[in-house]
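There are 2 protein chains.
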Amino acid sequence: MRKRNPVDLSLYLVTDRRLATGFTLEELITRAIEGGVTVVQLREKECSSREFYELALRAKKILPPEIPLIINDRLDIALASGASGLHLGQSDLPVEVARKHLGPEAIIGLSVENLEQLKEAVNLPVDYLAISPIFPTPTKTDTGPAWGLDGLEQARRLTDLPLVAIGGINESNVVSVIKAGADGVAVVSAICAARDPEEAARRLRNIIEKARRNR
Amino acid sequence: MRKRNPVDLSLYLVTDRRLATGFTLEELITRAIEGGVTVVQLREKECSSREFYELALRAKKILPPEIPLIINDRLDIALASGASGLHLGQSDLPVEVARKHLGPEAIIGLSVENLEQLKEAVNLPVDYLAISPIFPTPTKTDTGPAWGLDGLEQARRLTDLPLVAIGGINESNVVSVIKAGADGVAVVSAICAARDPEEAARRLRNIIEKARRNR
Numbered sequence: 001m002r003k004r005n006p007v008d009l010s011l012y013l014v015t016d017r018r019l020a021t022g023f024t025l026e027e028l029i030t031r032a033i034e035g036g037v038t039v040v041q042l043r044e045k046e047c048s049s050r051e052f053y054e055l056a057l058r059a060k061k062i063l064p065p066e067i068p069l070i071i072n073d074r075l076d077i078a079l080a081s082g083a084s085g086l087h088l089g090q091s092d093l094p095v096e097v098a099r100k101h102l103g104p105e106a107i108i109g110l111s112v113e114n115l116e117q118l119k120e121a122v123n124l125p126v127d128y129l130a131i132s133p134i135f136p137t138p139t140k141t142d143t144g145p146a147w148g149l150d151g152l153e154q155a156r157r158l159t160d161l162p163l164v165a166i167g168g169i170n171e172s173n174v175v176s177v178i179k180a181g182a183d184g185v186a187v188v189s190a191i192c193a194a195r196d197p198e199e200a201a202r203r204l205r206n207i208i209e210k211a212r213r214n215r
Numbered sequence: 001m002r003k004r005n006p007v008d009l010s011l012y013l014v015t016d017r018r019l020a021t022g023f024t025l026e027e028l029i030t031r032a033i034e035g036g037v038t039v040v041q042l043r044e045k046e047c048s049s050r051e052f053y054e055l056a057l058r059a060k061k062i063l064p065p066e067i068p069l070i071i072n073d074r075l076d077i078a079l080a081s082g083a084s085g086l087h088l089g090q091s092d093l094p095v096e097v098a099r100k101h102l103g104p105e106a107i108i109g110l111s112v113e114n115l116e117q118l119k120e121a122v123n124l125p126v127d128y129l130a131i132s133p134i135f136p137t138p139t140k141t142d143t144g145p146a147w148g149l150d151g152l153e154q155a156r157r158l159t160d161l162p163l164v165a166i167g168g169i170n171e172s173n174v175v176s177v178i179k180a181g182a183d184g185v186a187v188v189s190a191i192c193a194a195r196d197p198e199e200a201a202r203r204l205r206n207i208i209e210k211a212r213r214n215r
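Sequence lines, in order, name chains A and B.
Sequential numbering from 1 applies to the first sequence in our numbering.
Sequential numbering from 1 applies to the second sequence in our numbering.
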């Protein structure tokens, strides 16, 4: 059986430059890491391949070695930038194809939007799954209905793959997500749109750690 | 010095599904090849990675071995589908990066929009250049000013790299483009939007062969 690549999913930042207020993406990432983010995923749907590549190179340069850089969707950008891994959605390249080209040591994550996709995913060469969306969210509009906390608990019972929940997570509901069995939470706007991304990350991380101790 | 991969640029089809009237992309490609197209490039800017990948697999299946399948922009789709090569624009991944991941035998082409880009390109590991746009064109709106026939002649004097001209080429001006020194012409709408793509390709190919003999 394939050895799974370990990844600390505790607080997983998915970037959205369009939401950042008054920060460059590099500033946003730097502050979010200071605040306790454990993974950074670059999700850029609206820029050229060259821009995405150069952004990935810059992000890689500012990330400390313990924080993996994950590229959304684009296997080519992940390969070209030497990122730590790739996050795939259901309409991206098949996981096996990405694994073949990235090799065994790259972190590969997959978003699953329902139980059927989750059951398929447990047999794929992935290192973690994203339960998406956990709550309804305005950030991403092309997803299926939300899993909810019950759905997350069900997912948790079905697999021992690390699970990160994404979609509509903020300070007010993060405890319930951790208690329902997520290994971590992924956020976009809760950090990207915050006036103080470092402080926003720090507060979320503290709540997550406390919820874990009380689980 | 790097050995250049040979490619017959005579009649180079760049696909645009949105222009096809009443044909699937597979039908369009099949007919265009019957008519004499020598290269097929898939250019898909508006679909998911999975769709582009599956389209490339289907295209590959219907192409005879002597017709190379070239993927526009997306190194990952070229890799994943096992296409013959990749066509890059100035805002796509750097040529050296693509060459590193595709290996020495992949066909790599690059669009150049002015003399400066052409002079840079002659030192890159490319197999051919696209002179883009040769004439003003409605198909692609993000390009620089047209090269014109004088510009093409100038480009021809500056490099022995195979040159394919693209942009606004049709039956009425193809002779002048071949006479100005192009090794071939790339067309989008002249074939994709034709009511009879096979006949459109055949007529263009005949004109090109005749223009070459009279050059």
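If you are wondering where the hints come from, they were derived from the structure by calculation, not from laboratory data.
Some hints could be false.
Claimed, not checked - Quick partial rundown of chain A residues pointing at chain B, CB under 8 Å, derived from the structure:
1. T21
2. S49
3. Y53
4. D73
5. R74
6. A80
7. S91
8. V97
9. R99
10. H101
All C-beta atoms, glycine included, are put in the ideal place defined by N, C-alpha and C.
Results of checking the hints against the structure:
1. Evaluation of the T21 (chain A) hint against chain B yields a violated restraint, the C-beta minimum of about 27 Å exceeding 8 Å.
2. Given the 8 Å rule on beta carbons, the hint for S49 (chain A) holds: about 5 Å separates it from the nearest Cβ of chain B.
3. A distance limit of 8 Å between C-beta atoms decides the matter here; for Y53 (chain A) the minimum to chain B is near 6 Å, and the interface restraint holds.
4. Look at D73 (chain A): its Cβ gets to within about 6 Å of chain B, closer than 8 Å, so that hint holds up.
5. Interface restraint check: R74 (chain A) against chain B, minimum CB-CB distance 6 Å, threshold 8 Å, status holds.
6. With a cut of 8 Å, the hint placing A80 (chain A) at the interface with chain B holds, because the nearest CB-to-CB distance is about 5 Å.
7. Interface hint at S91 (chain A): satisfied, since its Cβ lies 4 Å from the closest Cβ of chain B, which is below the 8 Å cut-off.
8. Taking 8 Å as the C-beta cut-off, the interface hint given for V97 (chain A) holds, the closest approach to chain B being about 5 Å.
9. Here the hint on R99 (chain A) is broken, as its CB sits about 11 Å from the closest CB of chain B, past 8 Å.
10. Taken as an interface hint, H101 (chain A) checks out: its beta carbon lies about 6 Å from the nearest beta carbon of chain B, inside 8 Å.
Hint compliance for this structure: hints 1, 9 are broken, all remaining hints hold.
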